[in-house]
Amino acid sequence: MSYGRFLLKRGLQGIVVVWGVVSIVFVLRFITPGNAVDAVAPLDASPELRERIAAELGLDQPLYVQYLDYLWELLQGDMGYSYISGIEASSMVFSKLPATIELAVASSIIAIGLSIPLGVISATRRHEPADYAATTFSLVGISTPNFWLGIMLILLLSVQFGIFPTSGRAFGFVEAFRIAANQGVGAGADAFYQWLRFITLPAVTLGTYFTALITRLTRSGMLEELGQSYVRATRAKGLPESLIRYKHALRNTLIPVITVLGLQLGTLIGGAVITESVFSWPGLGTTLINAINTRDWPILQATLVVIGTGFVIVNLVVDAVYAYLDPQVVAE
Amino acid sequence: MSDKDSPDVSRRKFLGFAGAATATAVAGCGGNGGTDTDTDQPGGNGDTDEPTDTPTGDDTPTERPEPETRDGYLQRANRVAHEQAPWVFLNRQYSVYGKSEDIEWQARADEFIDAYAISPATDSGDDVVINQSQMDSGLDPQDHRATPTDNIVMQAYEKLLDRDREGAILTSLAEDYSRQEDGVVRFHIRDGISFHSGDDLTPEDVAYSVNRIVDPDTGIASPQQDQLAGVTGAEVVDGERAVDVMSDGLNPIVFSLFASYGPIVNKSWIQTNENAYINQNIDGTGPFVLETYEQGVEVVFNRNDNYWKEAADISSLTVTSASESSTRVNSLLSGEADIIVNVPPQEVSRIEENDGSSIAATPSTRVIFNAMRYDVEPFDSPEFRQAVNYAIDLESIVQNVLSTFGDQTAQPTLDGFFGFNGDLDPYPYDPEQAEALVEESGYAGVEVELHTPVGRYLNDVEIAQAVAGYLDDLENVTASVNQRDFQALAGEVTDGDIETSPHWYLLGWGNATFDASQTLIPLLKSDGVLTSWSNDEFDRVIEEAQSMPSEQ
Amino acid sequence: MISPRTLRNLRKELRSSALAKIGIVLVLAMILIAAFAPFIALHNPTNQNLDENNLPPMGFSRTTEETTSEMVNGSLELTNETVYVNATASHPMGTNSLGQDVYSRAVYGARTSMMVGVLGTLLAAVLGVSVGLVAGFYRGRVDDALMRFADVSLAFPSLVLAIALIGLWGRAAVDVPDPFVVFGLVDPVRSALGLPTGMPDSFVLPGTVIVVVGLVNWVWFARIARGEALSIREEEYVKAARALGASDARIIGRHVLPNATTPILVLATIQVAAIILLESSLSFLGFSGTTLSWGFDISQGRAYLSTAWWIATVPGLAIVLAVIGVNLVGDWLRDALDPGIEGEGGV
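Residue numbers (this note's numbering), protein chains in the order written: chain A, 1 to 332; chain B, 1001 to 1552; chain C, 2001 to 2347.
Isolated chain A, as found in the complex:
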């Protein structure tokens, strides 16, 4: 099938998955012990609040009606209001989303930027010190819990040497652009600098696991590729070594790497939750944990839906890139 049809097919599958995500979140409240209002209401809810919740959930109505109402509201972007602060759930969640996206993107850039060269170097200089260093680093990197790494980094680089701030987020990336537009290059540059200062430690913390992981994959993938017969053949043809390495072997290595990257996105977001907690980074992860601790059901629901949906979208993108690199996938 053509690339376009492939994309369409994946897109439709994605929609089905999103529907599944949304439904599971709906079901969640029914699989908790106790009745639905108890499960959902904050423990200190007044009787008025409980009545309001019961009415909102439409508990007096048959299940399928509740479900359809829920879907219909979601489609309109209505995810209810926070039980704690009364703020609209969708606006609250979407206002925190950019922070998490920034963190995820920044860590991914660090991870991919570092790991692929590392993996290639490691594979091509096998059994040399560079290789040993890279493999040790990657082994430790996938074995270190990222919250501990974050805490150690704070201890060293923030507390001891004062290079980076300890927590928080000064400006968003987009906000920095806006500042540059409104207040000129100087203010904009300063805003970017501040943004960079605050995001560095969290991004490094989150990115370490992936750097390590992708380094390992790149290395083993390259080793396999370099041993393949077509490599020997092209070498025999007299093509320069570097061309062989990078163009052919790397390209074929990237395919499984991207697969894994797609599969690992879940880990990235999960890791983001913890990293946000360690660095007080005001993103969706912090929102999720707060919502659970305060039993703020609408926010919890909204966060899960947004995370799940976002995840599916990103997976789609990864699939699209994957298919572009490996046309065989499309042909199946």
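Where hints are given, some of them may not hold.
[Said to hold, decoys possible] Here are the simulated distance ranges between beta carbons:
hint, chain 1, residue 1, chain 2, residue 2, range
1, B, E1352, C, A2089, 55 to 63 Å
2, C, R2139, A, I313, 26 to 34 Å
3, A, L68, C, I2040, 54 to 62 Å
4, B, A1444, C, I2040, 46 to 54 Å
5, A, Q160, B, D1217, 53 to 61 Å
6, A, P129, C, L2028, 27 to 35 Å
7, B, E1475, A, Q160, 28 to 36 Å
8, C, V2142, B, D1380, 21 to 29 Å
9, A, A181, B, G1233, 28 to 36 Å
10, A, I313, C, A2089, 56 to 64 Å
Calculated directly from the structure, the hints in this document are not laboratory data. Beta carbons: idealized from backbone N, C-alpha and C, even for Gly.
Start from chain A and add chains B and C according to the hints.
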């Protein structure tokens, strides 16, 4: 103290209403809560109405004479509470703040960080950042019960009266106050004050504000109702720029209440706006105007240049939070924050040694305790409750967990408050006695769980773990700790329904009125808003106390 | 299920790889430490002793600044003094803020990590393999439905789903009696060695956490099992067995499953590593049913980083070593048995 807060109430007037004990007690000095005019006491213990002391924890009821003064009744109430042990008595909190050298500021005992009183010491001190342990739960000044929210909203909202750093009562939006008759007091409202929106402050706003707090049918059912304890409503006085406030009975400390509680809001602004809007915006009369509000993350204020008094010294105020104490400390040391709260004892020397920062500490008006619900097992047994008190080594907790930044308590009332009973000693550390009492209670082998907030009070989790650890050390009890989010725990406890509260929980109670009643009533009286106890004798004694004037 | 050829490959890889040897040593050490914790720990890990709190590890005795406060004439005075804090041999890795022995807590923490790691993986494997085998063997609509369901499961990052589930279900835990202590084997040995007695007679098994980590990780096993089922069902002998009328269950059990063992085993070791990390993250965030866990200790030590860094560092190192060990074993299995395994499983 800067000359902005000019106490224009005469000292005599203040003493007349609140008692000399309040004035002397406030700097947190030691000594006993005395009575008003009796200065020479046998043994100097200031305890006129109690016969000579019996050993602590002796639970054979002694026949004691009936007290005669309000002070006597309050002291008796404290004794009953001590002997029946509805609480595990822990410590008086010390407010340990970290402060940067960029600002001039001194800590208050009532834990309010008065940004109006901050002045810059250097250029960067003009924009002040406060880092608390929690953010607010919404900006409605009358719909919360937590000090961290106060520290945010009360920079922009004001009360009828106020207190200076030592606790003395000052006028604020009310320019004077007087008693009219039994149960009615009158406040004259100052002229020429406007809200941030431009609306003028009128007596209608004041009356509405009071009613919104004390009357569940006006506006919201405010959880602050018991802060204005005994107040039933307010009315505008015909023909005068004044408001009458009505109370149930005499209400001896009503002015003290209005000095600590009761923010004034703009009636029309509240009535025309939705709940969600009120929780995200501010229209007050105070020295700071809300600039931006990022729920759960940070609140930014700018100086109110149209303030009815002299404008604030600093030009902007940012309040943010981090529940991890180490994060707060790091933010101070790196220069990000100017004031941080709850510096844990182990970090105190680090802050002192650092050039740009120092410690500002003072004993607070807050008592830390464990409440034990009287209506559930095993805490329905006084023997079991006493056993828990014997089981813990409170002295060791203060020494080792708090590194001396705290004082042991033996009663709900703090030293220096009106009604403090100087004859009561803290329960001694006696694990054997504890085990014996557990056996006696019939609850040997029970399992209990202590709920504690995390990072809200100074070393709250460590205190809770130490308490549970001591109790767990007993052969016949198993204890563990359940760490909770503070907002959620506070919500469960303050909702007015005892059934939603955990069976055993750690809490801190700040009482800035320096009067025992405002701790004893809400927390221990049968009808108290967040009570965990019900005891007839205690109720009776408290009611007697509240029906008497505070002066001799 | 494990053929002689497989064993040979394993041995060969082990001989040639130093890393594999290290991995096995680390994993064996962790298993032994976890199993024999009551014998190896120096103290009862939950015994608190406030007078001995925040003691440094051996070799790190040091002088520190300590500030105490005192009420003098109505105001609070702070006194800074230099204090010499001595490490003691009875607490070789120091104590935490409650005076609990850091080393003993690390030893018992191994139990929690191992139990959750192994049991959680077992649960995920049982669930996932069952679903995967059925999907791969029957194909068609059953397969489609199950795989869509898998996709949806994967749409939630494991940690996010785990947190949400634990938040909703609570943190139920089970007290499991410690057989060594209950049968009285521990005290005599400890007394003979001169160690204090009184070890905990039960340990806490965080049931909800185990169930949750199993639930969020089943998909990886399902995919592998499905892949194997898909390819093996095409084999001649399988077709023959079906033609002969053997029941599906028998075919799956006798032919498909044994051949899938190898890749499942490799995946399982990877999963154990991932689950140990997941459990430590959950207990770090406070979502665990037990306080005797490495992640929990790290969160407790956060407030003391600058003054008592060992409280957070020791459990952190324990996690790193444990997971390195499991990962190395996983590498060994993969290199020896089936270098074609893709992916590292999820966290």
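Consistency of the hints with the structure:
1. B:E1352 - C:A2089: 55 to 63 Å: 33 Å, violated
2. C:R2139 - A:I313: 26 to 34 Å: With Cβ atoms ~29 Å apart, the hint holds.
3. A:L68 - C:I2040: 54 to 62 Å: Hint holds: Cβ distance 59 Å, inside 54 to 62 Å.
4. B:A1444 - C:I2040: 46 to 54 Å: About 32 Å separates the Cβ atoms of A1444 (chain B) and I2040 (chain C), which means 46 to 54 Å is violated.
5. A:Q160 - B:D1217: 53 to 61 Å: 58 Å, holds
6. A:P129 - C:L2028: 27 to 35 Å: Since the Cβ atoms of P129 (chain A) and L2028 (chain C) sit about 30 Å apart, the hinted range of 27 to 35 Å holds.
7. B:E1475 - A:Q160: 28 to 36 Å: At 46 Å between Cβs, range violated.
8. C:V2142 - B:D1380: 21 to 29 Å: Since the Cβ atoms of V2142 (chain C) and D1380 (chain B) sit about 57 Å apart, the hinted range of 21 to 29 Å is violated.
9. A:A181 - B:G1233: 28 to 36 Å: 54 Å, violated
10. A:I313 - C:A2089: 56 to 64 Å: 58 Å, holds
The structure fails to meet hints 1, 4, 7, 8 and 9 from the earlier list, while all remaining hints are met.
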